[in-house]
Every structure is written in C-alpha cells, then in structure tokens.
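Every letter in the sequence shown is one number past the one before it in the working numbering, and letter 60, counting from 1, is 60.
For the record, the hints were derived by calculation from the structure and aren't laboratory data. Do not take every clue at face value.
With a straight-line Cα cutoff of 25 Å, these simulated SDA-like cross-link-like pairs (lysine to any residue) come out [said to hold, decoys possible]:
id	residue 1	residue 2
1	K20	E79
2	K80	T17
3	K80	T46
4	K22	D55
5	K20	I56
6	K20	E75
7	K22	L44
8	K80	G28
9	K80	A41
10	K80	P42
11	K22	I49
12	K22	I72
13	K20	R68
14	K80	V51
15	K20	Y74
16	K35	G45
17	K20	E77
18	K80	D55
19	K80	E62
20	K80	F12
21	K80	L69
22	K35	G52
23	K20	E84
24	K20	S39
25	K80	G66
26	K35	S58
27	K80	Y27
28	K80	G45
29	K80	D37
30	K35	I21
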Amino acid sequence: MNVQNKDKKPQFLSRGTVAKIKDEFPYGTVVRLVKMDDSQAPPLGTVGIVVGVDDIGSLLMEWVDGSRLSLIPYEDEFEKVGAEDESE
Numbered sequence: 001m002n003v004q005n006k007d008k009k010p011q012f013l014s015r016g017t018v019a020k021i022k023d024e025f026p027y028g029t030v031v032r033l034v035k036m037d038d039s040q041a042p043p044l045g046t047v048g049i050v051v052g053v054d055d056i057g058s059l060l061m062e063w064v065d066g067s068r069l070s071l072i073p074y075e076d077e078f079e080k081v082g083a084e085d086e087s088e
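Build out the structure end to end from the sequences listed, making use of the hints.
And the structure:
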C-alpha cells in the first residue's frame with residue numbers, strides 16, 4: 001500500500017479510510033516490509049504481524065526482529081503475506 005505524499009505535509013485519513021484499513025489488516029495479518037524511510041526501520045523483507053490499527057490508520061506491528069515500529073499506509077510500502085495461523 002503506497003500513495004506518494006510529495007508535499008510531505010501531514011496526511012489525515014478519513015474515518016472511512018481508517019475503517020477500511022482495519023478491515024483489510026485485522027489482528028494477526030502477516031506483512032512483509034518492502035520500503036520504509038526511517039532510520040529505525042527493520043531490514044527490508046522483514047516479516048511482522050499486525051497487532052492493531054490505531055485511530056490515524058497506522059498499523060501497530062510486532063516484527064520478527066523484535067521491533068514494534070508501526071507501518072504508515074500511504075507512506076511505507078509493504079505487502080500482505082497472509083494470516084498468522086496460515087504461516088504455521
């Protein structure tokens with residue numbers, strides 16, 4: 001999920017958009033990091049589990065490397081891998 005914010009102004013997502021993100025990425029969804037512009041980012045390709053979505057639409061994560069850095073839809077790039085119980 002990625003939409004460029006070329007002006008780098010804060011983006012505020014509508015309640016409807018946040019609700020769609022919560023529906024698409026429920027607890028236990030497994031994602032793989034493709035791109036994140038953050039010095040604290042896990043290495044590209046790192047897999048993590050969604051543990052929630054906050055009120056501004058950020059995905060709260062538990063990465064396999066122990067990091068808990070959130071993903072920001074429309075800014076970070078990531079792909080859905082599956083659900084936690086599917087990976088067992």
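Results of checking the hints against the structure:
1. Taking the CA atoms of K20 and E79, the gap is near 16 Å; set against the 25 Å cutoff, the hint holds.
2. With a C-alpha separation of about 18 Å, the suggested pair K80 and T17 falls inside the 25 Å cut-off, and the hint holds.
3. A distance of roughly 12 Å separates the Cα atoms of K80 and T46; the hinted pair therefore holds under the 25 Å criterion.
4. The suggested pairing of K22 with D55 holds, with an alpha-carbon distance near 10 Å, which does not exceed 25 Å.
5. For a cut-off of 25 Å, the pair hint linking K20 to I56 stands: about 12 Å separates their Cα positions.
6. For the hint linking K20 to E75, the alpha-carbon distance of about 16 Å falls within 25 Å, and the restraint holds.
7. About 23 Å separates the Cα atoms of K22 and L44, which keeps this hinted pair within 25 Å; it holds.
8. Distance check on the hinted pair: K80 and G28 sit about 11 Å apart at the alpha-carbon level, within 25 Å; holds.
9. With a CA separation close to 18 Å, the supplied pair K80 and A41 stays within the 25 Å bound.
10. Restraint check for K80 and P42: the C-alpha separation of about 16 Å stays at or below 25 Å, so the hint holds.
11. With a C-alpha separation of about 14 Å, the suggested pairing of K22 with I49 holds against the 25 Å cut-off.
12. With a CA separation close to 13 Å, the supplied pair K22 and I72 stays within the 25 Å bound.
13. The hinted pair formed by K20 and R68 meets the criterion: a straight-line CA distance of about 22 Å does not exceed 25 Å.
14. Using a Cα cut-off of 25 Å, the hinted pair K80 and V51 holds, with the two alpha carbons roughly 14 Å apart.
15. Between K20 and Y74 the CA atoms are separated by roughly 13 Å; this keeps the pair inside 25 Å, and the hint holds.
16. Restraint check: the Cα-Cα separation between K35 and G45 comes to about 8 Å, which is no more than 25 Å; the hinted pair holds.
17. The hinted pair formed by K20 and E77 meets the criterion: a straight-line CA distance of about 17 Å does not exceed 25 Å.
18. A hinted pair counts as satisfied when its Cα atoms are at most 25 Å apart, and K80 with D55 qualifies at roughly 20 Å.
19. At most 25 Å may separate the alpha-carbon atoms for a hinted pair to count; K80 and E62 meet this at roughly 14 Å.
20. Between the alpha carbons of K80 and F12 the distance comes to roughly 23 Å, so the proposed pair stays at or under 25 Å and holds.
21. The hinted pair formed by K80 and L69 meets the criterion: a straight-line CA distance of about 17 Å does not exceed 25 Å.
22. Simply put, K35 and G52 have alpha-carbon atoms about 20 Å apart, close enough for the 25 Å limit, and the pair holds.
23. Restraint check: the Cα-Cα separation between K20 and E84 comes to about 20 Å, which is no more than 25 Å; the hinted pair holds.
24. As the CA atoms of K20 and S39 are separated by approximately 28 Å, the hinted pair breaks the 25 Å bound.
25. Distance check on the hinted pair: K80 and G66 sit about 19 Å apart at the alpha-carbon level, within 25 Å; holds.
26. For a cut-off of 25 Å, the pair hint linking K35 to S58 stands: about 15 Å separates their Cα positions.
27. Proximity of K80 to Y27 is assessed by CA-CA distance (about 13 Å); at most 25 Å being required, the pair is judged to hold.
28. Note on K80 and G45: the hinted pairing holds, with a Cα-Cα distance of about 12 Å set against a maximum of 25 Å.
29. For the hint pairing K80 with D37, the CA-to-CA distance comes to about 19 Å; that is within 25 Å, so the pair holds.
30. A threshold of 25 Å between alpha carbons decides the hint, and for K35 with I21 the separation of about 18 Å falls inside it, so the pair holds.
Hint compliance for this structure: hint 24 alone is broken.
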